[in-house]
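**Q** Given chain G, work out where chain U should sit, using these hints.
Residue numbers (this note's numbering), protein chains in the order written: chain G, 1 to 191; chain U, 1 to 191.
I should point out that these hints are in silico values taken from the structure, not numbers from a laboratory. Wrong hints could be hidden among the right ones.
One copy or any two copies: either way a pair holds, since identical chains are not told apart in the list.
[What the hints assert, rightly or not] Calculated lysine-lysine pairs in the BS3-like style (CA-CA distance at most 25 Å, straight line):
(1) Lys181 <-> Lys95
(2) Lys181 <-> Lys141
(3) Lys127 <-> Lys141
2 protein chains.
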Amino acid sequence: MNALQALTERRTIRLFQQRPVADADLATVINAARVTSCASNRQPLRYIAIRTQPLVDQVLAETAWAALVAPKRTPVPGKTAPAAFIAIIAPADAKPITYADAGASIQSMQIAAWTLGLGCCWLGAIKRENLHNILNLAPEKQAIFLLAIGYPAEQPVSEDVAGDASIAYYLDDANRLHVPKIRLEDLVDWR
Amino acid sequence: MNALQALTERRTIRLFQQRPVADADLATVINAARVTSCASNRQPLRYIAIRTQPLVDQVLAETAWAALVAPKRTPVPGKTAPAAFIAIIAPADAKPITYADAGASIQSMQIAAWTLGLGCCWLGAIKRENLHNILNLAPEKQAIFLLAIGYPAEQPVSEDVAGDASIAYYLDDANRLHVPKIRLEDLVDWR
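With the rest of the complex left out, here is chain G (with noise of 0.2 Å):
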């Protein structure tokens, strides 16, 4: 897939087939956040592919999701959670530098995911104290997001609005959800 096209045709996937997700997708993925731009090349992050159950049902009941479309765009085990999830693991003390390249490596992740066909949820509300026991992790290391992946079950539609405008995103009567999104004119400013 053509990059401009997967940077502008992705969507946040929240609802997922029933379908496993190969190891080799999997790090394709991860490798896509490995030679991501980070700061001064420190390379911080560290990744859990969590791909097996109970494992994944476990992590899944301790994220939340979009709070304005609860409970139809939270995934429910056996019917539509993700098969995967990947971990981004930081230190424990993570600066606001160290967000920054996590969100760098994300969203390196999601462009790679979707040229496979495959869709990602970008989790920040997760309860990071029980995934730091589920998952095992050292003290001084944390679960700074963790990214949902899968086969699609649902097709997003973004819309460009202005820049006073309403950015809820929404679901229609047809159970799609629509994502606004501020039009280029209002949010560039050419000097």
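**A** Quick look at chain U alone, frame taken from chain G:
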């Protein structure tokens, strides 16, 4: 360009051809940031496209570049300087999650730029107070990061290393930049 190729072949560029970048290309790059994932779809970031003189030189003067290879990878105005900067503008009191949003948007821009034949350098070592004045930002805003952009005048290489090896980047005798990246097997824990 294929997305997986762009993700893995992209390198950070710090020496640039003295050739302008079309506004249409800058718009394509910033549009990739526009549709990037962000927490709760809040879209807290704005962008300033800086591509006129003397503003580009003024901004360049407020940046610091890869310390380990200075001054050979510190761009010189009129010789190796980037054609443009994209300033990523965030609330002055940005929380870590906004840094994550910024990292994701910057990675999207770097991938989009690479597909257009452009190179980028994500800059975090910037004099934010001076930039605040130069860019005439509102008090509640900050330039959280800069992205330098232009046509590449170097071809850095990445090399895979073990997790316990040195990850210090370096210039070889031919003035080529080498960037060690920890190999995948030492970054991922499979569960």
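**Q** Give a verdict on every hint.
**A** Hint check results:
1. Lys181 <-> Lys95: between (29 Å within a copy, 21 Å between copies)
2. Lys181 <-> Lys141: Between. Shortest inter-copy distance 21 Å satisfies the 25 Å Cα cut-off; intra-copy 34 Å does not.
3. Lys127 <-> Lys141: within (14 Å within a copy, 31 Å between copies)
Violated hints: none; the structure is consistent with every hint.
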